[in-house]
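Residues per chain, in single letters:
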Amino acid sequence: MHTLQRKFRLSATCIALCSAFGAAQADEEVDALIKPESSVSVGVGQWSGDRHQQGIYDGQRDGKAYGLIDADIVRRDDDSGTWFRLKAHNLGLDNGEISGEYLRQGDIGVSLEYNRISRDNPNTFNTRLQGIGGATQIENSTAGGKMNPVTLGTVREQSNMGFYKNLLPGLDLNIAFKNEDKTGTRPWGRGGSNNFAEFAVEPINANTRQLEAVLNYTTKLFQLSGGYNGSWYDNKYNQVTIAAPGSAVANARNPTYLSVPLDNEAHQLFLNGGYNFSKATRGTFKLEYARATQNERLPGTPSTGSGGGQTLASAPDRLDARVDTKLIQLGLTSRPVQNLSVNANLRYHHMEDKTPVRNFASAGDSPDYVPFSYKTFTGKVEGTYRLDEAYSLTAGLEEKRQDRKLPVTVAGTLKDVVVPMRQDLNETTARLELRRTLSETLNGSLSYVHAKRDGGRYHAADVVSSNGVVNIENQVNPLNIADRERDKVRASFDWAPSEVLSLQFNLEQGQDKYKTSHNTTPDYGAGLSSGKSQLYSVDGAWTVNDRLKLTAWYAYDQSKARQSALRADNGGGNAGIKSYDLQDSGNSLGIGMRLEATSRLNLGANLEWTSTVSKYNQSMATFNGAAATYPANFDAGLEDIKNRMVRLSLFSVYALDKKSDLRLDFIHERWKTNDWSWLYANGTAFTYGNAAGLDGTYVTADPKQISNFVAMRYIYKFQ
Amino acid sequence: MKIIRSAQLLSILLGLWGAIIAPAGAADESKGLVLKGDARCTSCHDESDDGKPGFLGLSKSVLSIGKTKHGTQADGRTPTCTSCHGDSNKHADHKGSDKPPKPDRTFGKNSSTTPQARNETCQTCHQGGKHMNWQSSTHANRDVACTSCHSVHNNGHDKVRDKKAQPEVCYTCHKEQRTQMIRPSHHPVPEGKMACTSCHDVHSDNPKALAKSSTNDTCYTCHMEKRGPFVHSHQPVTEDCAICHQPHGTTTANLLKSRAPFLCQECHSHTSHPSQIAGLPINGGSALGTTQLGTVGRGCLNCHTNIHGSNSTMNSATAQRFRR
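These protein sequence lines are chains V and R, in that order.
When you number the first sequence by the working numbering, it's gap-free, plus one each residue, and the end is 719.
When you number the second sequence by the working numbering, it's gap-free, plus one each residue, and the end is 324.
Treat each hint with caution, since some may be false.
Footprint (simulated), chain V over chain R, 3 or more residues, beta carbon under 8 Å [unchecked claim]: (1) 47-53; (2) 96-106; (3) 260-272.
Hints are computed from structural coordinates only; laboratory data are not their basis.
None of the values given here were measured: they were computed from a predicted structure.
Even for Gly, the Cβ is constructed at its ideal location relative to N, Cα and C.
Next up, chain V with everything else stripped away, as it sits in the complex (with noise of 0.2 Å):
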C-alpha cells in the first residue's frame, strides 16, 4: 500500500513535470527550428608568408597576423513582422564589409552598408620616379635620384543606402543609392621622345555615384516597373604631368602630359512592364531612354599654347560629348497546346553617339571627334515541345542585324581609318537541345548551336605601303565584324545511381572559323582565321554515411587561337606573314570532405589544385624567301607560361556548448608561375628606358609563393 501510493505521487509529479516542462522544451526545440539565428565570431589568424599573387583580393597579402572578426545578428519581432540585421564580414582586414537592415516586412525598409574592395598588384616596381599617387610625378634619370620598391594598388570604399516602401497594396518604392569613392595607383606608361617605354603611374582618386528610384506595380494580370537610373563619375585629377630628367630648373624638364577619363555621368528612364492574357500567355515591353554626358573642362585652353593644353587655337574647349540610347523590347511567351511552350522577342537597341564632330587637332590620322553607334536589331523564336513525361526538345532561331555607324570628318566625308570597319553585320543563330528532366535517376541535356555571322562591304583602312609591304592596314579582318561561323555542342548529364552517390558529366566544345579575306589586293587573309575551345568536366558527391560526405570535381579546358597578321620589313625585320598558334589550357581538380567526428566535433577538408599551360607558338615566312629576320637584341622564341596553384584547407568546429563554438583554421596554400612578361629574354628583370641613363624602372614578380595560414575563432550563437 505504502509502494502504490509512492508510485502514484511520483507518476503525478512526474506527468505534472513532463505536462509544464516538457511544452517549455518543446516551445524550444520548435523556436531552435523556426526562429532567425544569430553568430558572432573572433579570431585571429597568420599567414606565415606574403602572398603577392593569392592575396590580391583578399586583404591578406603578407605574411602577418590578421584580425578575424565576423557577425551576423537578425532579430525578428514576431508580432510586427520587423527584421533588425547586422551583418559585418572581415573586419579584421582591409576588405571589411558592415551592413544594417531595419525591415518591417511588407511596409518600409532601410539598409545601410558599408564596404570596402582592396585590389593590390602583385608586382613591386622599382623606380626612381618620385610623387607617385599625384597628378604630378618627377621622372629622375638613373644618374640620380634613388630607387624605391613600390607596389601599387586601388582601394573602392562604398557606401550603400536602399529604402523601401510599399505604398498602396501592389505598389512598392525602391530606391538605391551608391556611394564609391576609389583610390589608389595603377601601373601605366608612355612612349618615351625616342621610343622608349617610360614608367609612369596612373592616380587614381575618382568618385562615383549611383542612384536607382524605382517604382513596381504588381497585380496577379499586370505588372509594371518604371524608374530612373542616375550615375555620376567625378576624377579628383583632369591631367598628369611627368617631368622629364634633365635640368633641375622645372621649365626645362620638358614634361610629358597624360590624359586621364574627364567627369561624366548618365541618366536614363525606364518602364518595363508585363500582362498576364491568359494563364498559358503573357506579353512584355521594355522601354528605356538613356543619356550620357561629358562636358568637363579639357586641359588646358587655347591661350595657354603648347604642353598639356589644346594646341589648335579653334579648337573647342570641351568635348561636349552626349551619347542617347534608346531600348525598346516587346516580348511573348505562350504555351498553346499543353506540350509545347513558345518564346518571341523583338529587340531593338540603339546606341547612338551624338558628340559633335569636331577638330581638336590638325596633326596625325584622326584629328576629328569620331563618335561610333550601333543600332542593332534582334528578333528571337524559341519553341520547346514536351515529346513525354520525361524528354522535351527546344530550338530556336535569332536575327540580329547591326547597323554601325561610320566615322566622317567635319566636313561629313568618310574618314580615314587605321583599321578597315563594316557598316553592316548580321548574325544568324540556330540552337537545338534535347532535354531529360524529372528522373530520379538520369537527367541531362544535349544542345548544338551553330551562328553565322556576316555583313555589308568594308570601308578599308588608309592604304600606307612601304616597307615591303603594300596596303598591309586591310590585310587583316578585324575579329569583331570578320564574317565568322561558330559551332557549339554541349553535353551535361546528372546521374544518380544510388541515393548516395551522385556523378555530373559536362562536355562543351567551340569551334569558330573566321572569314580572313575581304577581297583586298593583294589578299593575305590575315588576323584570326580560327578559335576552338572545349572543356570537360566530372562532379561527383558521395554521402558514405550520415556522418561522412565526400565530394569532388575534375575538370580539362583548353582553347586555341590560330591567327596570321603581315609583317613590315622595319626594325631588323624583312617583311613577312607570320602564323601565330596560341593555346591556353587548364586541369583543375576540386576534392572536399565534410565528416561529423564527434556529436560535438565536425571536421572538414577541401583541397583546390590547377595547372595551366599558355603556349604561343609562331612562325614566320618572308615574302623574299629569305630566313626571317629580327631585331638587334630580340629573341623572337617564347617559352610556354604555366601557372600552378595548390591550397590545401582543413577546419575543425567543436561544439564548447550549446551556444559557442571553437573553430581551428589551417591552409596551406603553393603558387608558381614562369610568366617572363616582366623579363627579358635572358631571364634578368625588363627595364623601363634604356641604357643612355632614362628612368630604369624594374619590375619584380615573385615566380614562388608558399605560405601557411592558421588561425582560431571563437563563434558565439543565440537567438
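Guided by the hints, dock chain R onto chain V, whose structure is given.
Just chain R now, kept in the frame of chain V:
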C-alpha cells in the same frame, strides 16, 4: 509528510499550468506552428519529425522555413504550406505505416513536378519587379526551376542570395566559369567581394543574362571611367568590352583574352612597329625601340597606355594613338 504534500500540490499546480499552456498552440489551428494555418501539416511535420539541419546538410528541415521571410507570419502576404505544395489531400489523409504519396507539388531534387509548374507556384507572388521577364529568360526556357537555385526551407540561409556562397550554386551548371574564375587574373568572385549577380540578372532576358541591357552598361556600373566619351575613342571599347576582355578570368593580366601583341594584331596591321613579331628583348644592353617592346612588360600598352580612350588635345599623332 509535509514535504510530500507540498510536492503533490506543486505537481497539481504545474500540471494545471501545463494543461493551460500546452494545448494553447494546438487549439489555435489558424495560427499554426510555423506558417499560417499549417496545423494540418505540422501535426506530422513537427519538431520531432523535422530533419534538423546538420553539418553535412543531408536532412531537410521543413520547419526552418520559419527563419525566413516566408515564415514571417505578420506579413499578410506570406504563404501557407498549401500555397506552394497544393492541398495535397492524398498526402495529408494518408493512413498507415508505408510512405505517403508525395504532396501535390514538390520542389526537391527528385521532384516529379514539372519546372514550369514549380515556377508558376513561385510566380503567384513573385511575378513583378525584377521577376517581370522570367518567362522569357534563358533559365526559364531551359527547364531551370526557381528551386534549382533557391532553397526555400533553408535554415535561414539561401546560398544563392549570399554573395560568398552564390558562385557554388551557379557552378552547379556553369563549369566553364568555374575554371575561369580560378585563373590568375579574375574578378574578386572567389574572394567573396563580388557575386555572379554583380553582373548577371538571371531572372531577366537581357543578352547574356546581364544586369544591364548591354555588356558595356553592365561594366560601367563599376568601371565608369571607361564610359567616356573620349576625345580619341578606341572603337571596340565603345562597342563591347568583351571583344578584348574575358570577364570570368584568364591567364593574362587585366582579364585580357590574349596578351599583346597577339590580341592587338587581331585588328591592327600597319607598316611600322605594330606589325612586329612577338618576342622578348634578350637583355637591356642595347637600345630598345618600339619594334622590341610589344610583348615584354605591358606589351603594346607600355606606350599606348590610355588604350580605352584618350582625352589628350596635343596636336600630335602620339596623342591620337592613346599614348597621351
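Tell me the numbers of any earlier hints that the structure contravenes, in ascending order. Those not satisfied come down to hint 2.
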